[in-house]
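Enquirer: Okay, here's what each chain looks like letter by letter:
Number of protein chains: 2
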Amino acid sequence: MAPALFRKLTVIGIGLIGSSIVRAARAYELVEEITIADRDPAHLERARELGIADRYCLDAGEAVEDADLVIACVPVGAVEQVALAIKDHLKPGAIVSDVGSVKGSVVRQMQPHLPAGVHFIPAHPVAGTEYSGPDAGFAELFQNRWSIVCPFEDSDPAALDRLVGFWAGMGANVECMSAERHDLVLAITSHLPHLIAYNIVGTAADLEKVTEGEIMKFSAGGFRDFTRIAASDPTMWRDVFLHNKDAVLEVLGRFQEDLFALQRQIRWGEGDKLFNLFTRTRAIRKGIVTMGQDAAAPDFGRSGKK
Amino acid sequence: MAPALFRKLTVIGIGLIGSSIVRAARAYELVEEITIADRDPAHLERARELGIADRYCLDAGEAVEDADLVIACVPVGAVEQVALAIKDHLKPGAIVSDVGSVKGSVVRQMQPHLPAGVHFIPAHPVAGTEYSGPDAGFAELFQNRWSIVCPFEDSDPAALDRLVGFWAGMGANVECMSAERHDLVLAITSHLPHLIAYNIVGTAADLEKVTEGEIMKFSAGGFRDFTRIAASDPTMWRDVFLHNKDAVLEVLGRFQEDLFALQRQIRWGEGDKLFNLFTRTRAIRKGIVTMGQDAAAPDFGRSGKK
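Line by line, the protein sequences are chains G and Z.
Position one of the first sequence corresponds to residue 790 (this note's numbering), numbered consecutively onward.
Position one of the second sequence corresponds to residue 790 (this note's numbering), numbered consecutively onward.
It cannot be assumed that every hint is accurate.
No copy labels: a pair is met if it fits in one copy or bridges any two.
Lysine to aspartate or glutamate pairs mimicking DMTMM-like chemistry, simulated, CA-CA at most 20 Å apart [as the list claims (entries may be wrong)]:
#1 876 x 942
#2 1062 x 1046
#3 1075 x 995
#4 1075 x 829
#5 1034 x 924
#6 1034 x 1061
#7 1062 x 924
#8 998 x 829
#9 1075 x 1047
#10 998 x 857
#11 1075 x 877
#12 998 x 1047
#13 1075 x 838
#14 880 x 854
#15 1075 x 919
#16 1075 x 1001
Hints in this document: simulated from the structure, not taken from any laboratory.
Take the sequences, apply the hints, and build the full model.
Expert: And the structure:
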C-alpha cells in the first residue's frame, strides 16, 4: 500500500464540505489520522455518532496540535476567527488551507495571523449540494469536479505539491490560479447564479397576484431549478456576497445591462435578436456536457426517462 | 379492456411534446388511431422510422380529417397557420387543443378561424426537457406533472371532461384556469426563469476577462443549472416572449426592482437582509419537494451520491 500523503489531518468545521473531506480522505487512504473540530457541540456530537474521524474537539487550537494538514471548512466570514484560534498551536511545517468560495478575503483575514514556518495555501473545491451539515457530506463529492488552489508566488513548491496531491487523491481535477482571478471567475460561474436564483425565488414569493401554491405546483416549467440553488446554506452565501463584493457587483452590473437590452427586445418585438441569443447559449451548454461537468440526460423530465 | 377515450388523434408538430403525446396516448391506450402531421419532411420521416403513429402527413388539413381530437404541438408563433390549415377539414364535434406555453395569444390566433361545432379548448402541459425533436419525446414525460387546461365559460362540459381525461390518462395532474391567469402564473414559474437563464449565459459568454473554457470548467458552482434551461428550443422560447410580452415584462420589472435592492444590500454590507432572504427561499424549495415537483436527492453533486 502506498504511504498516506499526510499523517494527521485536522478539519475545522464539519458541514457539507468538511464532512465530505474527512470521508474522502479516509476512503481513499490519504491520511492516517483525522481530527475534527467544530464549535457547535451538536454538530460535533453528530460527527462522533457518524464515526467519520478519530478525534473530536470543540476547541480548534487543541485540534490542530501536531496536525500536518489543517483545512478550515467554515463560512468565509469566520476564517479570521479560525486563524486566531489556531495560530499558537500549529506545528512548524504544517500546511494550512481552506475551502472558501472567496479567496482574496480569506487571504486578507488569515495570512496576517499565521506564524512563519507554516505553509498557508488557500483552496476552493467547486463542488457542493444544496444540503448542509455533517450528514450531508459524502466521499465522492469532489470526483471529476474542479478544485482551485491559489498559491502565492513564494509558496513552497513541495507543500503546494502535497496539497494538490491531496485534492487529486479525492478525485478532483486541480487548477492553480491567483486569488484575484479566482474571485472574478467564481463571481460569474457561481456567485451571480446564486444571487439571481435567490432573487427570483424572492420575487416569486412576493407577487400578490400569484399564490405560493401555484408557484410550487407549476415550478416544473423552469422555476424549480432556481429553488434548488436558492436552498443553499444562508450563512455561507451571505458571507460570499459580503466578502466578494467588488467582483460580484461588477458581473452583476453586466448582467443588469444585458437584461435591460433583452427587456427592450421583448418590448419592441425584436424576435431575431432573441433567437440569436437563445441559439448562442445552446453551444455553451454543449461545451459543459462535453467537459463532463454535467450529465446529458434530459433532466427536466426528472421522474421520467433516465 | 376499457374503450379508448378517443377514436382518432391527430398531433400536428412532432417535436418533444408532440412525440411524447403520441407515445403516451399509445402506451396508455387512450386512442385507437394516431395521425401525425409535420410540415418538415425530415421530422415526419424520422417519426415514421420511429413508428410512433399510424399515419404520417405533410399536410395538416389532410391529417385532421375524421379526427376526434386534434392537438397543435407547434411553437406559439405558428398556431394561427395551423388553424388556417385545418379549419376547413375538421369534423363537427372534434376537439381542437394545443400545448403552447402561452394561452391568451393562442386563443386570439386560433379561435376566430375555427368553425362553429368544433370544441376549441387550449391546454398546456407544464413539462419538458432541454431537448427537442421527434427523438426527444417519451411516454412518461407528463407523469406527475401539472397540465393546465383553459376552457372558456361556454365550453362544452362533455368535451372538457374528455380532454381533461386524456391528460389525466397520460399521468398528468390537471388544473383548469383562465388563459389570462395561466399567462401570469407561467410568466413567473417558467418564462422569467428561462429569460434569466438565457441572459446570464449570454453575460458570461461576453465577459472579456473570463474565458469560455473557465466558465465551462467551473460551472458546477451553480452556472451549469442555468445552461441546462438556456439550452431549450430557441424558436419556442422566442415565440413565448413575443406572445406573452405583457405578463413577462410585468414580472421582469418586479425581478429587476428586487435585484437592485439586493445589489444595494451587497454594496452597503447589509448581511442581515441577505440572510433573511436566503432563509426565506429555502422554505419554498421545501414546498416544491414536498409537492413532488422535484427530487430531494442532492443534485449538485450529480456524479456522486444518488
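Enquirer: Each hint needs a verdict: does it hold in this structure or not?
Expert: So, going through the hints one by one against the coordinates:
With identical chains, the CA atoms of residue 876 and residue 942 are never at most 20 Å apart, being 22 Å at best within one copy and 74 Å at best between copies. Within a single copy, residue 1062 and residue 1046 get their C-alpha atoms as close as 15 Å, which meets the 20 Å cut-off; across copies the closest is 24 Å, which misses it. Taking the shortest alpha-carbon separations for residue 1075 and residue 995, only the inter-copy value of 17 Å comes in at or below 20 Å, while the best intra-copy value is 35 Å. Taking the shortest alpha-carbon separations for residue 1075 and residue 829, neither the intra-copy value of 43 Å nor the inter-copy value of 25 Å comes in at or below 20 Å.
Proximity of residue 1034 to residue 924 under the C-alpha cut-off of 20 Å is found in neither arrangement, the shortest distances being 31 Å within a copy and 45 Å between copies. When the C-alpha separation of residue 1034 and residue 1061 is checked against a cutoff of 20 Å, the pair qualifies only between copies, where the shortest distance is 15 Å, while the shortest distance within a copy is 35 Å. Taking the shortest alpha-carbon separations for residue 1062 and residue 924, neither the intra-copy value of 47 Å nor the inter-copy value of 28 Å comes in at or below 20 Å. For the identical chains of this complex, residue 998 and residue 829 are neighbours neither inside a copy (42 Å) nor across copies (40 Å), given an alpha-carbon limit of 20 Å.
Proximity of residue 1075 and residue 1047 under a CA criterion of 20 Å is satisfied in neither setting, with 22 Å inside one chain copy and 31 Å between copies. In this assembly of identical chains, the alpha carbons of residue 998 and residue 857 never lie at most 20 Å apart, being 58 Å within a copy and 37 Å across copies at closest. For the identical chains of this complex, residue 1075 and residue 877 are neighbours neither inside a copy (50 Å) nor across copies (43 Å), given an alpha-carbon limit of 20 Å. When the C-alpha separation of residue 998 and residue 1047 is checked against a cutoff of 20 Å, the pair qualifies only between copies, where the shortest distance is 16 Å, while the shortest distance within a copy is 27 Å.
Taking the closest pair of Cα atoms, residue 1075 and residue 838 never come within 20 Å of each other, the shortest separation being 43 Å inside a single copy and 26 Å across copies. Only within a single protomer do residue 880 and residue 854 lie at most 20 Å apart by alpha-carbon distance; the minimum there is 6 Å, versus 85 Å between protomers. Proximity of residue 1075 and residue 919 under a CA criterion of 20 Å is satisfied inter-copy only: 11 Å between copies versus 24 Å inside one chain copy. In this assembly of identical chains, residue 1075 and residue 1001 lie within 20 Å of each other by CA distance solely across copies; the values are 12 Å between and 34 Å within a copy.
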